[in-house]
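Enquirer: Kindly produce the complete structure, drawing on both the sequences and the hints.
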Amino acid sequence: MLTIHLLGHAHISRNQQPVPVSAKAVALISYLAIEKLPQHRERLADLLWTTAEARKNLRVELARIRTAGLNLFPASRQLLYLENVTNDFELWHSRLGQDLNQAQLAEWLAMLRGFPLSGLEDLGSSTFQEWVDQQRWVISQQIEDGLSRMYWQYAQRQQTWAMRLIAARADTLGYELGDAPVLSAAVPAPAAAAAPAAVPVFPAAAELRARELHFGRGPEEEILRDLLQKSGAPQVVVMHGPPGVGKSYLADRLADQHSGLTLRVPSMRSGRLVLASLAQGLIGHCDPECSEALRRMLLAPTSLEEDLVKVAVALGKLSRPALLVFDQAHAAPADLAPLISYLLEVPADGPRLFLLLSRQRPAQAPLTRALRGRAPGMYAELEVPPLTQASVQQVLEARFPSEAASGRHSDAARLLQRSEGNPLHLLSLLDEQQGGPQGGGTHFPQAVRDIYHAEIDQWPPALMEAMGRLSAIYGPFDGQVAGAALGEALADSADTLLYTALDRQILREVEPGGALSLPDLRTLPDPDRPETLYAFASEGLRIALASRSPQLVRQDVRRRLAAVLGETAPGLAAHYARRAGLTDEAERLQRLYRAGLHRQQLPGGSGDAADAGLARPQLVAEPRRLPVPPQPPLACQGYLVTQDDRGWLDISSIGQYGHPQTLRLHLPLPVVGAGPGAQEGAEVTAELRLVWRLDVFSGGEELGPPRLPFPLRLRLVDTPLAHVLTRAPTPDYLEDGVRHTVHAGATEGHWMEHRVTLTCRAGSAPTLELSVRALDVALTLGALSWQGRDLLPLVSGVSGGQRGETQVPPSAPPSREMRAETPAPTLR
43 MLTIHLLGHA HISRNQQPVP VSAKAVALIS YLAIEKLPQH RERLADLLWT TAEARKNLRV
103 ELARIRTAGL NLFPASRQLL YLENVTNDFE LWHSRLGQDL NQAQLAEWLA MLRGFPLSGL
163 EDLGSSTFQE WVDQQRWVIS QQIEDGLSRM YWQYAQRQQT WAMRLIAARA DTLGYELGDA
223 PVLSAAVPAP AAAAAPAAVP VFPAAAELRA RELHFGRGPE EEILRDLLQK SGAPQVVVMH
283 GPPGVGKSYL ADRLADQHSG LTLRVPSMRS GRLVLASLAQ GLIGHCDPEC SEALRRMLLA
343 PTSLEEDLVK VAVALGKLSR PALLVFDQAH AAPADLAPLI SYLLEVPADG PRLFLLLSRQ
403 RPAQAPLTRA LRGRAPGMYA ELEVPPLTQA SVQQVLEARF PSEAASGRHS DAARLLQRSE
463 GNPLHLLSLL DEQQGGPQGG GTHFPQAVRD IYHAEIDQWP PALMEAMGRL SAIYGPFDGQ
523 VAGAALGEAL ADSADTLLYT ALDRQILREV EPGGALSLPD LRTLPDPDRP ETLYAFASEG
583 LRIALASRSP QLVRQDVRRR LAAVLGETAP GLAAHYARRA GLTDEAERLQ RLYRAGLHRQ
643 QLPGGSGDAA DAGLARPQLV AEPRRLPVPP QPPLACQGYL VTQDDRGWLD ISSIGQYGHP
703 QTLRLHLPLP VVGAGPGAQE GAEVTAELRL VWRLDVFSGG EELGPPRLPF PLRLRLVDTP
763 LAHVLTRAPT PDYLEDGVRH TVHAGATEGH WMEHRVTLTC RAGSAPTLEL SVRALDVALT
823 LGALSWQGRD LLPLVSGVSG GQRGETQVPP SAPPSREMRA ETPAPTLR
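Numbering-wise, the working numbering comes out as the position in the sequence shown, counting from 1, plus 42.
It should be emphasised that the hints constitute simulated quantities derived from the structure, not laboratory data. Note that the Cβ used here is the ideal one computed from N, Cα and C, for glycine as well. Nothing false has been slipped in among the hints.
Simulated pairs of lysine to aspartate or glutamate, DMTMM-like, Cα-Cα distance not exceeding 25 angstroms: (1) 359 to 331; (2) 78 to 88; (3) 78 to 130; (4) 66 to 163; (5) 78 to 164; (6) 66 to 626.
Here are the in silico distance ranges between beta carbons for each label pair: (7) 669 to 725: 37 to 43 angstroms; (8) 609 to 155: 28 to 34 angstroms; (9) 669 to 187: 51 to 57 angstroms; (10) 792 to 179: 47 to 53 angstroms; (11) 169 to 588: 29 to 35 angstroms; (12) 588 to 315: 31 to 37 angstroms; (13) 521 to 164: 30 to 36 angstroms; (14) 172 to 95: 19 to 25 angstroms; (15) 761 to 658: 21 to 27 angstroms; (16) 671 to 155: 57 to 63 angstroms; (17) 51 to 610: 28 to 34 angstroms.
Expert: In C-alpha cells form, the structure reads like this:
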C-alpha cells in the first residue's frame with residue numbers, strides 16, 4: 043500500500059518503507075492526492091515549474107517516479123490522477139471518535155509529526171505556494187478540532203491519562219485545544235469516577251453553589267451595609283473588578299441581608315432602558331398616584347426629562363432603605379451621568395444606595411469618570427480584591443471536613459494560585475475536580491472563557507486580528523516585539539492598535555520593577571525605570587484570544603518572535619523557534635542561552651546544602667496563629683501579597699505565562715547592637731530565623747528565563763550576599779554583582795525552618811529584602827524573627843520611636859482610611 047505522508051515533512055512510503063523520490067515528485071503526488079480530481083499535465087507543469095521548459099521537466103519527473111518503482115501514471119495519459127493510494131491525514135482522521143486504549147492513542151498522536159506539508163513551501167510557482175498555505179490552514183484547523191474533540195471525549199469519561207497525552211502533543215505541535223462542546227440537556231452528565239474512601243470526591247460547581255458556597259468578603263460587605271443603613275445624603279458607589287471576581291455576588295448578598303427595597307437595572311445602554319427598569323421595580327412599592335404615573339410612562343413615554351421626574355418623585359417618596367443595583371456600568375455612555383446625578387439630588391424620605399457594577403476602573407469607564415465630578419461628597423469607589431488563601435481554606439474546611447487537615451493549606455494554595463483569586467475561576471476548577479481538591483484539569487475553565495469570548499466578539503475586526511497575533515507572545519513585551527508580532531500588514535497602525543487596546547483595558551502597562559515596603563505595602567520607586575512594557579490585562583483573555591487564532595497565524599508570529607528575540611532573549615527565542623518547527627535554529631539559540639547561564643555560575647559548589655556546609659531546612663510544626671485584622675490582597679509584579687487573619691504572609695503568582703518577574707519586599711529590621719568589644723560601624727553577624735512553606739513552584743524553565751527563578755531569596759539591602767532557598771541543588775551564581783548562595787532541599791507541602799546568618803554594621807538598622815521569582819508559586823511565611831525578635835505579624839506603625847519595631851496587634855480593627863490613587867475616595 044502506497045501512503046502519502048502529509049502530517050509533518052511530506053514524503054512517500056510503501057509498505058511502511060520510505061520511497062526515495064525528489065521533493066518535486068512528492069509535491070506532485072501530494073497535490074493529486076489532496077485534490078482527488080484528474081489534472082491536466084500542462085496545468086501541473088505550470089504549477090510546479092516557472093521556466094519555459096516546464097512540460098519537459100514534468101516528463102522527466104514522471105520518468106524518475108517510474109524508475110523508483112511507482113507505476114502511478116501511464117506514459118500516454120494527459121490527465122493524471124491517483125488510484126489505490128491513501129494519505130496519513132485520512133488515516134488519522136478516520137480514527138476520530140474511536141475509543142482508543144493507551145497504546146492506540148499514543149500511536150494515533152504519533153502520526154502528528156509536525157507542521158503539515160513541511161518541505162513544500164518553497165517549491166513551484168506562487169500559485170502552488172498559495173495552495174500549500176491554504177491546505178496547511180485547512181489541515182491544521184481539522185487537526186486542532188480533532189484533538190479538541192478527542193480531549194473532551196476522554197474528559198467526559200474522566201480518563202485523565204488520555205487528556206494528559208493529548209494536551210502534551212497539542213502543546214508540542216503548537217495547537218490550542220478548543221472549548222468544551224455544549225452538551226444537550228438530554229445527555230446526562232458523566233458520573234464521577236470512584237475514589238478511594240480516604241479521598242473525598244468534590245461535588246460539581248453547581249452543587250457547591252446550591253449549598254451556598256461562600257468566600258469571606260467581610261470588609262467589603264461591612265462597607266456596603268454601613269452605607270446602605272446610613273441616614274442623610276444618598277450615596278453612589280462604583281464597585282469594580284474583573285469578570286468573575288464577585289461583584290454581582292456581593293450585590294446579591296447585600297440585597298438579601300437588608301430589609302428595604304432592591305431595584306435592579308440590568309442594562310445601562312440608554313437612559314430609556316434605565317428609567318423603564320426603575321419604573322417597573324417601583325410600581326408595586328409606591329403610593330397609588332405614583333404607581334399610576336409610572337404605568338402611563340411605560341405605556342406612553344413622553345420626553346426623557348418628564349419621565350425622569352416621575353421616576354425621581356416615586357423614588358424620593360420611599361421611606362424604606364432602597365438599594366439600586368446598576369449592572370454593566372462600564373458599558374454605559376457618559377450622557378447618563380446627568381440622569382444619575384438628578385436621581386441622587388432629589389430629596390428622599392429614606393436612605394438610598396446607588397451601586398454601580400463595573401468591570402473597568404472608574405477612571406477608565408465613560409459614565410463613572412463623568413460621575414466623579416458631578417456628585418461630589420456622594421461618590422465613592424470600592425474595588426473587589428481577589429480572594430485570600432485564608433478564605434479559600436475556610437471554605438474547604440467547612441464544606442469538606444473529612445479531607446485531611448494537613449492537606450487543606452496546600453489545596454487552598456494551589457486553587458488560589460491557579461484561579462488568580464477569581465471566585466468564578468475557582469468554582470470552575472472545583473467543578474473539574476476528580477477525586478479531591480488536589481486534582482483538576484489543565485485548561486482555563488469554560489465559564490471564564492465564555493465571558494472573554496463574548497467580550498472579544500464586540501471588537502472591531504482589525505483590533506481582533508492584532509490582539510490575536512499578540513496573544514502568541516508569552517509575558518510582557520515592548521513596542522519592538524509587538525511590531526514584529528503584528529507583521530507588515532499591521533505595522534503602520536501598530537501604535538494606534540496598542541493605544542486602543544490600552545484604552546479598552548485589553549492590554550495594560552506593566553508597572554516598573556520597584557519594591558514593596560513592609561508593613562504598609564507601599565510601592566517604592568524604581569530608580570532605573572525601564573522602557574514601557576505591555577501585557578494582557580488578564581491571562582484568561584490571552585488564552586481565549588489564542589484559542590481563536592488560526593494555527594498558521596500563531597506559527598507565523600512564533601517565527602517572527604524567534605528572529606527578533608534571538609539576541610536579547612535567546613532562551614525564549616529558542617522556545618518560539620521550537621514551537622514554530624525551526625529545529626536547527628532552536629538548538630542554536632538554546633546553546634547561546636545555556637552559555638549565558640554558565641557564565642553566571644561561580645566556580646566550586648554544587649548548590650547542595652550539605653556539600654556547602656549549610657544546614658538543610660528542618661521540617662517543623664505549623665507556627666502559631668496570631669489573630670490580626672486581615673488586609674486586602676495587593677497585586678504587584680504579577681503576584682498577590684496578603685497578610686491574612688492568622689498573621690501569616692501569603693504570596694502567590696497571578697501573572698501571565700512568560701518570564702517570571704521579581705517581587706521584592708523591604709522590611710526594616712531592629713537596630714543591631716555592637717556587642718561586647720565591638721565598635722559602632724564594625725561588621726557583626728546576626729541570625730534570621732524563617733518558618734515558611736512552599737505549596738506551588740515552577741520557574742518556567744521551558745521558556746528560558748534569563749535570570750534563575752527561585753521560590754524565596756533573603757538579603758540585606760546594599761550587601762553583596764544573598765541566600766536563595768529552593769528545591770533542587772544549583773551552583774552558586776552571580777547576579778547584578780551580588781553573590782547568590784543556594785540552599786537546596788526545600789520541600790513542597792510542609793512547614794520548614796531556615797536559619798541564616800547575615801552580616802551588617804553594628805548600630806545600624808538594616809533592611810531585609812525578601813524576593814520571589816517564579817512563574818507559578820504559592821508560599822506562606824508563618825514566622826520571621828531577627829536576633830530572637832518576632833517580626834510577624836506585620837502591623838503598620840513604629841513602636842517606641844525606633845525604626846522597624848513590631849507593634850502588638852490591636853484588639854479592635856483599625857479605622858478604614860480613604861486611600862485613593864485618584865481624587866475620588868476609595869473605600870477600604
